[in-house]
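Peer 1: Following the hints, complete the assembly by docking chain B onto the known chain A.
2 protein chains.
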Amino acid sequence: MLTRIDHIGIACHDLDATVAFYRETYGFTDVHIEVNEEQGVREAMLKINETGDGAASYLQLLEPTREDSTVAKWLAKNGEGVHHIAFGTDGDVQDEADGIAAKGVRVLYDSPRRGSMGSRITFLHPKDAHGVLTELVQKA
Amino acid sequence: MLTRIDHIGIACHDLDATVAFYRETYGFTDVHIEVNEEQGVREAMLKINETGDGAASYLQLLEPTREDSTVAKWLAKNGEGVHHIAFGTDGDVQDEADGIAAKGVRVLYDSPRRGSMGSRITFLHPKDAHGVLTELVQKA
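These protein sequences, in sequence, are chains A and B. Heads up: the first sequence at position 128 corresponds to 128 in UniProt numbering, and the numbers run straight through without jumps. Heads up: the second sequence at position 41 corresponds to 41 in UniProt numbering, and the numbers run straight through without jumps.
Okay, chain A solo, but in the shape it has when bound (with noise of 0.2 Å):
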């Protein structure tokens, strides 16, 4: 089941620049900031709220950190901007994706990868979620 908004992701080209914004500007002070290199981004984790899950609600930030990354691709095309959202699962999150691509939504990975601070996640097609590219989280 999806239990929470667990995070929007956002693009940026500058991850230093963009956590000083959202530091300064609306005094989110709660970040983590880790390296992903499979998905070839530098990423920061602003916790926004605790959720009534148990979890919490993050905004995350995304810098590629190679060329050939989806995300440097993406910001080439789009310009800075929200690149996908994420629910949380309180399951298994394979279980989660096999229950949606039951219903006919393509689901991208065949297996979860690693996410943010351990997570395990996969991704649904934008082309069957009405243009809004989604994850689906399982946290650590």
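Among these hints, one or two may not hold up.
Capping the alpha-carbon separation at 27 Å, the derived lysine-lysine pairs in DSSO-like fashion look like this [as the list claims (entries may be wrong)]:
(1) B/Lys127 / A/Lys77
(2) A/Lys47 / B/Lys103
(3) B/Lys47 / A/Lys103
(4) A/Lys127 / A/Lys139
(5) A/Lys47 / B/Lys77
(6) A/Lys73 / B/Lys73
(7) A/Lys103 / A/Lys139
(8) A/Lys139 / B/Lys47
(9) B/Lys103 / B/Lys127
(10) A/Lys47 / B/Lys127
(11) A/Lys73 / B/Lys77
(12) B/Lys73 / A/Lys127
(13) B/Lys139 / B/Lys127
(14) A/Lys73 / A/Lys127
(15) B/Lys47 / A/Lys127
(16) B/Lys127 / B/Lys77
(17) A/Lys127 / A/Lys103
Chain B regions said to be covered by chain A (calculated; three or more residues, Cβ under 8 Å) [as the list claims (entries may be wrong)]:
(18) 78-84
(19) 130-136
Counterexamples of contact, computed for chain B against chain A with all Cβ distances above 12 Å [said to hold, decoys possible]:
(20) Arg4
(21) His32
(22) Glu67
(23) Phe123
In short, the hints are calculated from the structure, not lab data. Only a predicted model underlies this, so the values are computations on that prediction, with no experimental measurement involved. The C-beta atom is built at its ideal place from N, Cα and C for all residues, glycine as well.
Peer 2: Below, chain B alone, put in the same frame as chain A:
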């Protein structure tokens, strides 16, 4: 102070079909529908989770009701997808906006307008916010 992700605003061509997609695909069944004539949208608020500040996070699905609405123009240019994000404040939304304006971010409304479910809202210019059209919400 901004204390939650209030909602993610998603533009769509057919509100009823998109609500049905989110309900049937993800199980989001808590739906409030209203028309905002001033904004030129028919909208659905899908409650996703409670938040730690005593409020909740929603998906806001937006269908234009007239061709000259900002959402209609946005859809014609971009197609369906994420239109804006919104943070909830625990204070007065105009005070929040004034504090953000003082940091150099343009606020789009001279005074707050009516948002979903009786809220008071304003918007920040996306060019001042790393490409993200950002709404501030004071709930009813």
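Peer 1: Hint by hint, note whether the structure agrees.
Peer 2: The hints, checked one at a time:
1. For the hint pairing B/Lys127 with A/Lys77, the CA-to-CA distance comes to about 16 Å; that is within 27 Å, so the pair holds.
2. Taken as a hint, the A/Lys47 and B/Lys103 pair is honoured in the structure, with Cα atoms around 21 Å apart against an allowance of 27 Å.
3. In summary, the hint linking B/Lys47 to A/Lys103 is supported, as the alpha carbons are separated by about 21 Å, within the 27 Å threshold.
4. At most 27 Å may separate the alpha-carbon atoms for a hinted pair to count; A/Lys127 and A/Lys139 meet this at roughly 26 Å.
5. A C-alpha spacing of about 32 Å is found between A/Lys47 and B/Lys77, which places the hinted pair above 27 Å, so the restraint is violated.
6. This hinted pair checks out: A/Lys73 and B/Lys73 have alpha carbons roughly 25 Å apart, not beyond 27 Å.
7. A C-alpha spacing of about 24 Å is found between A/Lys103 and A/Lys139, which places the hinted pair at or below 27 Å, so the restraint holds.
8. A threshold of 27 Å between alpha carbons decides the hint, and for A/Lys139 with B/Lys47 the separation of about 21 Å falls inside it, so the pair holds.
9. A hinted pair counts as satisfied when its Cα atoms are at most 27 Å apart, and B/Lys103 with B/Lys127 qualifies at roughly 14 Å.
10. Distance check on the hinted pair: A/Lys47 and B/Lys127 sit about 23 Å apart at the alpha-carbon level, within 27 Å; holds.
11. Restraint check: the Cα-Cα separation between A/Lys73 and B/Lys77 comes to about 20 Å, which is no more than 27 Å; the hinted pair holds.
12. Proximity of B/Lys73 to A/Lys127 is assessed by CA-CA distance (about 20 Å); at most 27 Å being required, the pair is judged to hold.
13. Simply put, B/Lys139 and B/Lys127 have alpha-carbon atoms about 26 Å apart, close enough for the 27 Å limit, and the pair holds.
14. Distance restraint check for A/Lys73 and A/Lys127: the Cα-Cα separation of roughly 18 Å lies within the 27 Å cut-off, and the hinted pair is therefore satisfied.
15. Distance check on the hinted pair: B/Lys47 and A/Lys127 sit about 23 Å apart at the alpha-carbon level, within 27 Å; holds.
16. For the hint pairing B/Lys127 with B/Lys77, the CA-to-CA distance comes to about 17 Å; that is within 27 Å, so the pair holds.
17. Among the hinted pairs, A/Lys127 with A/Lys103 is consistent with the structure: their alpha-carbon atoms are about 14 Å apart, no more than 27 Å.
18. Check result for the region 78-84 of chain B against chain A: holds, 4 residues qualifying (beta carbon to beta carbon below 8 Å, three or more required).
19. As drawn, the region 130-136 of chain B meets chain A at 3 residues by the rule of a beta-carbon pair under 8 Å; at three or more, the given contact holds.
20. B/Arg4, annotated as away from the interface, has a beta carbon of chain A within 12 Å; the closest lies near 4 Å.
21. Every CB of chain A lies more than 12 Å from the CB of B/His32, the least distance being 17 Å, so the non-interface label holds.
22. Residue placement check: B/Glu67 keeps its beta carbon more than 12 Å from all beta carbons of chain A (closest about 19 Å).
23. Listed as a non-interface residue, B/Phe123 keeps its Cβ farther than 12 Å from every Cβ of chain A; the least gap is roughly 14 Å.
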